[in-house]
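Turn these sequences into a full structure, and let the hints guide you.
Numbering (the numbering used here), first residue to last: 1 to 839.
Quick caveat, the hints were computed from the structure, so don't treat them as lab data.
Hints are not guaranteed to be accurate.
What the hints assert, rightly or not - Computed list of lysine-lysine pairs in PhoX-like fashion (alpha-carbon distance at most 20 Å, straight line):
1. Lys573 with Lys670
2. Lys566 with Lys603
3. Lys704 with Lys573
4. Lys704 with Lys657
5. Lys657 with Lys573
6. Lys654 with Lys704
7. Lys421 with Lys454
8. Lys801 with Lys704
9. Lys566 with Lys670
To be verified - Derived DEER-like restraints, expressed as beta-carbon distance ranges:
10. Ser428 with Asn733: 36 to 46 Å
11. Asn733 with Pro687: 36 to 46 Å
12. Asn777 with Arg237: 49 to 59 Å
A virtual CB, placed ideally from N, CA and C, is assigned to each residue, including glycine.
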Amino acid sequence: MGCAPSSDTGTQYASLGHHGNTNVSRKTKTPTDSQLYGNTNKSRKASTSSSSSSSSDENDKKQQQERKVITPPPPDPVPTPKEKEEAPPVLPPPPVEEKEERQPSPVPSPTPIEQEQERQPSPKPPPPPQDDNDMRNPTDEDQQQVPPTPQQEEEKQITPPPPQEEQKQITPSAPPMPIPTDMNDETRNGGETIKPGKDNVDFDDTGNMETPAPPDFGRSEYIPTDVGTKERFIDFRTEGGEFTNPSRPSPNDNGLYTEFEFTVDVAVPSASGLQWQRPAEICQNPALFTDGTTRFDIGQGRVGTCWFLSMVANIADKPRLLERVVPARDYKIGTNDYDGVFHCRFWRFGHWSEIYIDDKLPTSGRGGLYGAHSNTDPNEMWVALLEKAFARMYGSYDEVSGGRTADAFMNLTAGVGEAIKFETMKMSSQQLFRRLKNAFQSPTTMVGCVCPQKSDGQHGLVGGHAYSMNGTYQVGDNMLVRIRNPWGRQEWNGPWSDGSNEMSQYGGSIPHPNKDDGEFYMDVNHFLEYFEQCTICNLTPDVDRDGTADTLNYVTSLFGNWRRGKAGGFQSKLQNPQFCVTVSDQEADRDGNVPVVVQIVQKTSDRQDDKVGIRVDLYKVLHEDSDILVLDELGDKNNMYLIDFSSCYRFNVKPGKYVAVPSTMDSCDKDPRVLKEFLIRFFTAGPLTNPFEIQDSTTVMTGKGPDLEVDGSVLQLGCSQCITGKFFFITINEPQSVKVEVMQPDQKNGFPIGIKLFETDRSSFQSDYNWFAQNYNNAVRDMSGNDGPFSYGSSVDCGYKLQPGTYVLLIHANGPEDQNDFAVAIYSERPVEIESSNL
1 MGCAPSSDTG
11 TQYASLGHHG
21 NTNVSRKTKT
31 PTDSQLYGNT
41 NKSRKASTSS
51 SSSSSSDEND
61 KKQQQERKVI
71 TPPPPDPVPT
81 PKEKEEAPPV
91 LPPPPVEEKE
101 ERQPSPVPSP
111 TPIEQEQERQ
121 PSPKPPPPPQ
131 DDNDMRNPTD
141 EDQQQVPPTP
151 QQEEEKQITP
161 PPPQEEQKQI
171 TPSAPPMPIP
181 TDMNDETRNG
191 GETIKPGKDN
201 VDFDDTGNME
211 TPAPPDFGRS
221 EYIPTDVGTK
231 ERFIDFRTEG
241 GEFTNPSRPS
251 PNDNGLYTEF
261 EFTVDVAVPS
271 ASGLQWQRPA
281 EICQNPALFT
291 DGTTRFDIGQ
301 GRVGTCWFLS
311 MVANIADKPR
321 LLERVVPARD
331 YKIGTNDYDG
341 VFHCRFWRFG
351 HWSEIYIDDK
361 LPTSGRGGLY
371 GAHSNTDPNE
381 MWVALLEKAF
391 ARMYGSYDEV
401 SGGRTADAFM
411 NLTAGVGEAI
421 KFETMKMSSQ
431 QLFRRLKNAF
441 QSPTTMVGCV
451 CPQKSDGQHG
461 LVGGHAYSMN
471 GTYQVGDNML
481 VRIRNPWGRQ
491 EWNGPWSDGS
501 NEMSQYGGSI
511 PHPNKDDGEF
521 YMDVNHFLEY
531 FEQCTICNLT
541 PDVDRDGTAD
551 TLNYVTSLFG
561 NWRRGKAGGF
571 QSKLQNPQFC
581 VTVSDQEADR
591 DGNVPVVVQI
601 VQKTSDRQDD
611 KVGIRVDLYK
621 VLHEDSDILV
631 LDELGDKNNM
641 YLIDFSSCYR
651 FNVKPGKYVA
661 VPSTMDSCDK
671 DPRVLKEFLI
681 RFFTAGPLTN
691 PFEIQDSTTV
701 MTGKGPDLEV
711 DGSVLQLGCS
721 QCITGKFFFI
731 TINEPQSVKV
741 EVMQPDQKNG
751 FPIGIKLFET
761 DRSSFQSDYN
771 WFAQNYNNAV
781 RDMSGNDGPF
791 SYGSSVDCGY
801 KLQPGTYVLL
811 IHANGPEDQN
821 DFAVAIYSER
831 PVEIESSNL
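Okay, here's the thing in structure tokens:
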């Protein structure tokens with residue numbers, strides 16, 4: 001997701017013309033190095049409104065003081081609330097997930113840009129739900145066993161997991177250093193404080209919130225949202241459904257709503273012996289929320305939704321975001337208006353979908369919830385109901401068993417996520433820690449992380465599992481991250497864990513309860529060793545990665561569709577829809593660059609099987625006239641396609657016109673599934689102007705851009721102007737490298753084109769074919785030692801090392817029958833003079 005900003009050290013010249021007749025095992029290891037569950041009988045309350053920030057320890061201490069008491073789920077259909085005490089969840093958590101798929105790609109093989117390592121199921125039946133964050137659960141004899149959800153794989157080869165590794169002996173990465181007692185929280189965190197939210201939005205405040213409306217394509221202005229962004233929607237689809245939401249369903253004859261089509265067998269096809277029960281049949285005093293919400297509410301059940309619940313835990317600490325998903329006033333249990341309807345919202349394909357379900361939950365028949373549950377109060381129902389609504393939206397609990405934290409974040413917030421894979425990242429541990437610390441300066445940052453299968457059983461960790469991260473802290477030279485297991489128990493028991501020597505000696509420097517609640521600290525070096533990636537999510541991208549949350553607040557959503565004639569796949573990228581936008585100079589840096597993030601989202605009817613490889617490329621408009629566009633492709637020029645719901649790309653660009661081209665890996669002739677709708681979202685610091693779709697009557701040409709390989713290294717050359725003609729005079733005033741590129745439309749009737757460069761005295765030059773014929777063999781040699789290329793392709797280029805002087809550039813074809821539009825781009829290190837002429 002890199003960017004390719006133009007260099008300011010040179011000049012590019014592009015010209016337009018027309019070719020004429022010129023010449024031419026599933027058991028979890030028991031940790032042995034420390035006690036996991038020490039001091040478990042101490043009660044505590046959970047915070048009712050806290051921000052997941054690393055730099056405000058005062059909020060964390062307050063949160064630790066106000067946590068709700070953790071009580072076990074009731075074992076009977078109508079239980080009596082127990083005394084406040086620690087207990088494991090009613091059902092053992094399952095294996096879960098985070099997965100992306102590897103798809104063989106055409107020449108060369110593309111691999112997904114945000115691909116997460118595949119997790120493998122146990123060869124022993126029955127297989128539990130898995131994904132790249134496939135959650136493993138220990139077997140507890142005192143917990144009720146329910147058949148787990150079957151393996152959900154997306155076109156992957158299933159192989160047994162690798163053998164269990166021996167547990168490593170580890171020591172702290174750096175000796176703890178004492179923190180002075182008079183040093184305040186801000187100083188311990190580097191003197192930084194949490195920065196205000198977007199447009200000073202208070203994410204603890206749920207007042208003055210409006211119901212999200214469907215996209216309004218009739219408005220040309222940007223519409224403010226409750227979370228500080230400004231949105232505009234434009235519909236370029238040639239066909240597609242309307243964005244409408246259902247109304248609240250009416251109760252049945254018994255006064256309570258029941259959805260008869262969504263039976264328990266449909267909801268959980270992989271399990272047997274389950275039944276629906278309403279909250280009043282599961283606990284004594286059911287309520288949506290009790291004493292506010294906190295990340296400690298979240299407890300995972302037998303469904304592989306840790307990827308989803310880890311993000312739910314994050315929004316639980318942000319009341320304004322949670323209220324947008326779960327409107328508290330709409331669930332009327334405990335009132336005379338109770339109708340058995342639970343209402344929530346999920347962001348899906350560009351708009352907030354209103355979801356209505358009945359409040360029956362799958363249980364084993366003895367009051368034991370099959371799915372997620374509140375880990376702090378058995379009477380609290382919001383976690384279980386939200387998970388059911390998510391499963392209902394996608395068809396079943398099995399359908400949501402396995403996924404990516406970035407997708408869950410998008411469903412819950414409409415935001416974007418960026419995955420950092422530790423194996424390939426170019427950051428040091430200090431740089432990663434700084435990146436995470438900066439990210440947590442924003443009040444809406446959420447981070448998910450993946451523990452790979454090879455770390456299963458290592459110091460209490462669960463392999464193939466998704467965790468959430470909610471803070472960073474520094475104690476002396478030790479850089480710590482705070483992580484939570486969505487099970488609500490089973491923690492890391494290495495250095496800086498509960499009861500460790502480090503925590504016993506220096507634990508007063510950071511807020512922590514010595515209790516098995518699923519939350520723990522790790523040194524960042526151990527985090528890198530035992531985890532494989534993290535995904536940083538925010539409502540809008542933090543392009544400079546400094547934690548600033550108020551940069552790219554303008555969100556421009558373009559809806560389109562791939563259709564016959566506009567679904568050419570990767571081999572014919574320009575035979576796909578093309579959208580032109582203009583980027584202003586708002587928020588330009590000192591070099592004149594403007595940050596732009598482009599996201600593509602595909603519409604799917606089936607969560608597991610309907611996804612195809614997608615990407616979006618961004619091109620700079622080098623030249624335009626009434627019927628021709630010349631484009632320069634930005635970013636990574638490759639054929640890497642992500643087979644998932646969305647993909648995101650970052651760019652730093654100069655103000656001007658740009659063209660976005662969404663494409664699928666395969667053409668519609670090869671895979672008819674690509675004939676579908678898509679959404680392109682631009683995140684910018686200011687409004688985009690005059691978005692439009694390029695029509696078929698426009699000739700579009702693109703080349704390889706200003707990069708030139710010189711002596712084994714890549715030199716990036718600049719660009720500036722466009723001219724037309726048959727040949728060109730080039731005046732070089734100082735020695736430099738120059739690249740010449742000729743482009744023609746990407747079409748089947750293209751023909752070979754050639755480049756010839758001659759050094760000449762302007763006064764003796766004769767602009768006729770005889771001069772070129774006489775001097776044809778005296779062409780300047782290019783960097784490869786040849787007298788210029790002559791080949792097929794939509795673009796042909798070559799590089800020269802030129803001395804001061806005057807040169808004539810000739811673009812030629814094979815014969816007079818070769819006629820076509822063409823464009824010439826000349827890239828140089830420093831400005832050169834160019835003049836076009838005709839024979």
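Checking each numbered hint in turn, tell me which of them this model violates, lowest number first. As far as the earlier hints go, not one is violated by this structure.
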